[in-house]
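**Q** Given the sequences, and given the hints that come with them, work out the whole structure.
One letter stands for each residue in the lines below.
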Amino acid sequence: MPRYARPSTPDEAIALLAEGGWTILAGGTDFYPAQGARPIRDDILDIGAIEALRGIREDKGDIVIGAATSWTEIVRARLPMAFDALKAAAREVGSVQIQNTGTIAGNLCNASPAADGVPALLVLDAEVELASTRGIRRLPLRDFVLGNRRTARAADELVTAIRVPTASAAGRSSFFKLGARRYLVISIAMAAVRVETDLQGRIARCAIAVGACSAVARRLERLEADLVGRPADAAALGVIGERHFDGLAPIDDVRASAVYRMEAAREIVGRALADAFGTTAGQGVAA
Amino acid sequence: MSFTPVPIAFELNGAPVSVTTSPVARLSSVLRDDLGWTGTKVGCDAGDCGACTVLVDGEPVCACLMSVAQVGSRKITTVEGLANGSLSAVQEAFLRHGAAQCGICTPGFLVAATALLERNPTPCEAEVEDALGGVLCRCTGYRKIVEAVMSAHLPDRYHNQLLPDAGHAVGAALPRLDGRPKVTGEERFGADVRPADALSVAVIRSPHWHASFAFGDLEGYVAAHPGLVAVYTSRDIPGENRFGVIPAYADQPALADGIARFRGEAVAVVAGERQAVEALDIRDFPVIWTELSHALDVASALGAKPVHASRPGNVLVAGVVERGDAEAALAASHMVVTGEIETAYVEHAYIEPEAGFAAMDGDTLVITACTQSPFMDRDDTAKVLGLAPEKVRIVPTATGGGFGSKLDLSVQPLIGLVALKTGRPAALTYSRAESMMSTTKRHPGSMRASIGADADGRITGMVFEGDFNTGAYASWGPTVAVRVPVHASGPYFTPNYRATGRAIHSNGPISGAFRGFGVPQAAVMQETLYDELAVTLGMDRLDFRLVNALRDGQTTVAGQEMESGVGIVACLEALKPVWQRALAEAARINRDDRTVRRGIGVASCWYGCGNTGIPNPSTIRLGITQAGELVLHQGAVDIGQGSNTVITQIAADALGVPLAAIRIEGADTSVTPDAGKTSGSRQTYITGKAAEKSGRALRETILRAANVSQAATLSLEAGAIVVTEGEARRRIELSTLSENAHGYVLMAEESYDPPTVPLGPRGQGKPYAVYGYGAQIVELDVDTRLGTVKLVRITAAHDVGRAINPLLAEGQIEGGIAQGIGMALMEDYVPGRTENLHDYLIPTIGDVPPIDTILVEVPDPEGPFGAKGLGEHVLIPTAPAILNAIRDATGALVTRLPATPSRVLAAIRGRG
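Chains as they are written, first to last, in this note's numbering: chain Y, 30 to 316; chain D, 45 to 956.
Once the Cα atoms are required to be at most 20 Å apart in a straight line, the calculated DMTMM-like pairs of lysine to aspartate or glutamate come out as:
(1) Y:Lys116 / D:Glu171
(2) D:Lys435 / D:Asp423
(3) Y:Lys116 / D:Asp174
(4) D:Lys119 / Y:Glu102
(5) Y:Lys116 / D:Glu103
(6) D:Lys465 / D:Asp301
(7) D:Lys119 / D:Glu103
(8) D:Lys834 / D:Asp637
(9) D:Lys119 / Y:Glu80
(10) D:Lys810 / D:Asp797
(11) D:Lys119 / D:Glu55
(12) D:Lys435 / D:Asp405
(13) D:Lys834 / D:Asp896
(14) D:Lys465 / D:Asp241
(15) D:Lys834 / D:Glu629
By construction, these hints were calculated from the structure, which means they are not laboratory data.
**A** In structure tokens:
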């Protein structure tokens, strides 16, 4: 007979995880669809009752989002403008119904190449906090999601929070989701950007990430570097070139061709940047 | 092994409940199965459709994605909790706006809308769309749902609206008569009727496209799983293990016999107690597969080993329609254009998966299930199970969408077999994946055509060849092969013509009936070529169509002289002002070179109502009981399109009684005569005509009994009919009359079969007695750097002859357009890859633009009160009008549907 546990504190949860063999159930929005009509035979650790995993707080200037915080809570939270991209992504996760139960850590742990939350968190330089009886560790998000459906979480670890460093909670951000219909759609491609400008209106720092165009959403560091120092205006977009997208490895599938994804990625990165520059209303969704 | 049940308490619709169940059970199944609240529907079990939306502490969630343990001590509201004695404002609004058609998605919409309206009683359109974007509807096209939610705050002017007086039902824009249970959650669909003591049935299906198979130790399997009762295979089928909607082509086994010909084909059923079956992982079932070679598309199937030995070359049927000399006409034409179009498998994607239960009533097998065609179900199930047709009774439940696929058998022979063998009720609800992989699809079409015109823009001739992938079994493939050549000219006068349509077997999903039987695919071919002709000739695209539109007195490509009632000119004329306005706007918008370009497209349709040159009668019975109750045996299954309302409106006016006097008896085969299948846009016309005849016949009987003239008026009172003519007032005491075998003291039962002439060898004849016509204009924006298409507005002019119910007619138009949008832009069923509603995309509430409907009424002398069919016509023009508009915007024609952003951009870049 499979085991079921519904702990109310993180400590209880990690104590159980140390026993091994658990499947973690949080919002259920990925768990149940993956289950399909098959009976559930796994041992289920239901973390839905752990209040400490919910909500958004500040810790030494970092913004800490509890692992089991729902997308709706993120949409409704008061957060700096740097989080606008994350909020925009949150509004595009499935539907309102999914946003009400689906959790931010669940989106990361599910590790879909098209996870809506990942590009926006990448541009925030988010870190993933993992707890186990062995202790607490933090991994940059890019080191946490390893591949399609693969993460660095050990079987005995619980993701407890997503942490955005103070330094990265700055600037303006924007998110662009491209899908074949308006709602309830898996992305063909996504772009998130965050731009900090200096007093002269030049790009001081910027972060750019593209999702659904590689097994794991990627930052475009070379483009970021090439943009720094330029005025944050339409002319800056002129530097965007094919070479900046070398790190992407889009695939052909039912949603789009690889060629299309590559071309679309460049286009939506440009639009998201333009929006973050404030030069045009490029943020949004296209379907 | 399953989880130890735990007690869980929460508040449900204001009252405390507690249940002891598996803590990881889905809330949806606990609500429905453990607590009996079936208003919450399950459409996908994956959060993709939103039908199961409930409120948890006021917030909408998908009950199928929430473990019941997570709702402990929280407050749950389901659709049953929305009404408080009387309907809530939004429930009322759904009724009066026609926002519920089949009703399967309605609970989800109402619950999600309630959460929105609590926060924001006067939402704008965008707010409504954002709030309801997580619920899919396949019937309505969403526009009436948006209207209903936006107007829910308005005072309910219709609350006490009286039904129309005698003689005024036809033409009244009434809310549907059967709407109330659809908004309260009381409606019972196929999955909602399961008896508590029913066995569950699980179906073992082929995971391969083509495979032979052998079973392992089935008895051992049953013995090893306590609670299982039996496994049945093809060896257990008592009758002829071969069914099909067209008897001459019946070829599909209820359970495959040694060879599975497509992925998803049923090979065995497992019956047992509910818990035991639900605990099964059917991947453990003892069956050994040996994969065989397969062909999935037409190109490879044509050269492959036949799927059925009796059908060489995999050609199931080739239909042809030939008139004049098409080749010679093209050779002599001023201009000829040629093209090719490929369309995809399209899934019906009704939100209700197939479901029902079977039980023995004495020696009669009673099947209570969703369906479009109760008598066909009866006869085919009886054949498979070796029973006389009268020993099978079909009791249709409410049907949560059909669109053609619920014409074919699905659960019926499987649950029937279990009930027959075990003597116990047996229930089966398909999972979404099962529904998608095992039931029929729209035929993918590979089409080529050439059309010629003279220098004045008159069509000289057309050659059309279409191959349609009909999958592993015949289903409605022959119908597609025949209907397409009859219709591929479009509603245009085409003096020289040769069209062939072939249904080609493959190991792909079975293609069957889907709203239009191949005509929507063919219309894409013809209408895109018409645009090319018009543009090349320098003619206005609408004018070009008007020049060629079929007119009264002309002869169709099938040799039918159209004496009257041809309404395509009226439809195109009605669109002219919109066309001019839209073109002017587009020119203004496109003046600046912009990334986003406006495009305008137009396309037409015609469609013959009913079967093609073969009989398809409907019978309607009207009876009056001794107590004075008037009963309409309404056998035209209402799958959401509105036949319960429309047929009643016709019967009321034909008889001359107020609508409110009629009680409807449904399409139960044991109590209601056969009104044929809900298919071929035939119910309003054919069953409507039978209802009209029946109403008039009953009226005649009453008037004769009262010895008065046709001018008399009737009214029903308790135990009597009062007939009034001028000063004269006669009272017929019903107690003095004797009851007939049906329990009526007065009764009329009339049949109607369209007067058609079968098609000859060259496809000439009189295939249909009535046609409907239409044309649509699409305005859209193409993002030329992303290939995305944003629909701006669609204007639809449809000639319905006479709109029996304009509100429901509009609902059909909007819903058909939504399906046309899906076919044009996103729907691509890839066998084995898109067996769910997140990889298979249908339009959401944000994908259907405002739709303006123009109801054109060119009466048909044959149809009841002049009415023509409408149900399928409405989606035919949409896809070609969209493709034409994309080409208008960008210069690029997408030749492979759907026109996804990827394909649109490829076409723009010349990669198409």
